[in-house]
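Chemist: If you're matching them up, the sequences are chains A and B in order. The first sequence maps to residues 0 to 444 in numbering that gives the first Met the number 0. The second sequence maps to residues 0 to 444 in numbering that gives the first Met the number 0.
Please keep in mind that the hints were generated in silico from the structure rather than gathered at the bench. Keep in mind that a hint or two might mislead.
Just so you know, same-sequence chains aren't split out, so a pair can sit in one copy or run between any two.
[Unchecked claim] Within a straight-line C-alpha distance of at most 25 Å, the following computed PhoX-like cross-link-like pairs (lysine-lysine) qualify:
#1 K38 to K174
#2 K115 to K264
#3 K18 to K56
#4 K264 to K91
#5 K56 to K12
Protein chains: 2
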Amino acid sequence: MDELLNQLSDDAKDFWMPKKISRIPPPTAVEFYRDYVSKNIPVIITNAINHWPALQKWTDEYFDEAIGNEIVTVDVTPTGYGDAVLTLENKKTQVFVQPEERNMTFSKFLEIYHDKQFDGVPYLSHQNDSLREQFPQLVHDVDRVIDFSAEAFGNMPEAVNLWIGDDRAVSTMHKDHYENMYCVVRGLKHFILLPPSDVAFLHETEYPTTRYVHKSNVDQFDPSTLIQSKNPNWFIHMPPEGRETTPWIPVDPVAIDTDKFPKAKHIQPLEVVLEEGEMLYLPSLWYHRATQLCDTVSVNYWHDMEFDAKYVYFNFLHVTTTVHGGHNGIFIFNSMASAKLYETMVSYKSSFTPPKPVEQVWNFSPPVHPRILKHQILRKVPPTSNTPIPTIAVPGARKVVEAPKTMPSYQSKVGLLELRRQVEERLAQDRNEDLQGRTEWWKQQ
Amino acid sequence: MDELLNQLSDDAKDFWMPKKISRIPPPTAVEFYRDYVSKNIPVIITNAINHWPALQKWTDEYFDEAIGNEIVTVDVTPTGYGDAVLTLENKKTQVFVQPEERNMTFSKFLEIYHDKQFDGVPYLSHQNDSLREQFPQLVHDVDRVIDFSAEAFGNMPEAVNLWIGDDRAVSTMHKDHYENMYCVVRGLKHFILLPPSDVAFLHETEYPTTRYVHKSNVDQFDPSTLIQSKNPNWFIHMPPEGRETTPWIPVDPVAIDTDKFPKAKHIQPLEVVLEEGEMLYLPSLWYHRATQLCDTVSVNYWHDMEFDAKYVYFNFLHVTTTVHGGHNGIFIFNSMASAKLYETMVSYKSSFTPPKPVEQVWNFSPPVHPRILKHQILRKVPPTSNTPIPTIAVPGARKVVEAPKTMPSYQSKVGLLELRRQVEERLAQDRNEDLQGRTEWWKQQ
């Protein structure tokens, strides 16, 4: 296996990864598609957004005046790391922890963002099509779409998001199933990038999904679902419906622990600092760690990716090289390691509530292309060779499955997660006995 | 593993393979690149070569007059199957057998081609840039290049070949490391196609490389290197330098033996019949079986393929799912099965001569891009997980290796094979002790 991984690593460096990320002037749609999108290679585009009013207008004063009273969702964490792997106090249990989400006025966000005494790191990074959904006053300050990219991708953006944060806030290594045009309006954005084939070296693992809660908000939760974090002011919420797990990358490319993650020795990260007025094409499925080097404002456009030959190969590589413990949002103990983890977790927090049986939520219309549903399931649930799960694929390879009535009109990350949840619950219903068995297991805990 | 292969097969059908191969009018270069080349999807182009003089001119009478006295290389076999896996008389040993190559005038070829009493199946299928090299009188009857395809591939043809054969001649399932534009001038060409990811299901195996010899030509060979085939008039020549092996596909998609080749149950071949004036885009690395349904004349253009993300993934899938017994043109017995095969072979033909130590042939200039050399080695020699061969990769991933002085000016199949041989011999020299060990092994046989 080691020889295989060596070859894979060499091949990716020889045939795929650029030695460094180029800076180019705005390409034509054809050049962009041919040299970057089709080849799945990142590139920085300069002088493409110089005409945006945002570059002149978007000062804190302007924001305060234009949208100061608008309600905005802010991600807050004690450490700056939201969507990250966190080791709990017992030093054994690891969880995937999401940021606390707080709704407040934009003025309030600006206040806490600049208040060094504020308890926590605020990051405006809610990826729910935030620019178009939450700040319609700002949309005319940027392009509705990056023309050459939309023409190359063959579709309009699924989501356009606003990002405001500084060097305290970090998005840990992950990938998105989107083509991404990331534009810096103010400040300096720092990315570390790895090609999709490095999935083989990143030790992706399933972690129980949890969320930060500040002490000021604990009254909103059943105390039995909270664990204190290392910071006395911050708690970890493990939801009572706690069947959800999240596959995540524990390797941090700025401090690779090759004793703990030996395969990570193969990675050779590409680093890039985006300056004001620059745009990064971040190709679909590329792994990335992102932060800011100072107070930074950005806008990104997510476009649907193509599910093509590369995607077929990626899935194979992913499931061949990754051991997964969970699917369906329900733990399946296919390895002693993950069972052990969960036992520790349960003993650590014995008040954990078993999940309720899932409800009827599958009532789909209008039709959605099955590849979207399938992709959602695959993203969450790659079956592994030692746990045959024949029903995990959408039944009938070419059968059209209908979408939920409640399906969101855009498929942002949030919308997709909801869609995936519904798809997974439907699949769980389809194998009733299976779910029953697992519900029994939970009841016994 | 079976679950993995199921998923791979489903994914390829859902996300990659067309349900059937489309017929389209000539596309623009951009359309062609975007919809077919980049996606690695075959398509038939109609009305693209209607203006070729060849369509009117290329009768047997015209050939006889224009090139009747030219010397041409003709592939001849007893069965019609050249470049095929053949089971020897003892019913145990299988070899890869190439056609006998005979040089004759074109008039002589036409004579034996139409003579039903002739002992053997003649097939004009020599892929050495034959149209441009052997028949300069004909090149103006066709386009020098298919414009939209050259623009999409970004290069000029490496080789343009002439094919003349009928329903007796078959090219068994194989792939080429080329983009291929295949044009029918007269008759009906029949293809069966499978996507590159089906490498996982095709039971590729290394066979000793042999060649047919008709009894009329046996006086040119050392009798101890010949075995009689099932047909008393035809022999199999096993060269005394017989260290060469060829990886080939034993599965015939028109008669799949799933008892013998269980993984082949996953394949779902696409079938196409090309009519006069039609052109098939046969994408790089697609597996294909080809024959004719009647007397058929064709011209094909081979273009260098792109070594990109898809190629990285393909290599991983190839080495992960295929067991290989040989590399360097020298057997390495990494599985009992292939050792057994070779033992049988040696006992069957005890006069087999051990190979001589390789000679100095590595004296390279001018430089060749290492990816080409590497690709050559990979095509022949994918290292497997249970035989670590650290020196098999071109030493120093980004080091420029120089090309042999004798490197052919075009890289047709023939030229590439020669280049590969030289690269392999150099690598063998680099690990002298290794070669020594194997030479010892041979001497003991």
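Chemist: Okay, which hints does this one fail, numbers in order?
Modeler: As far as the earlier hints go, 2, 3 and 5 are violated by this structure, in ascending order.
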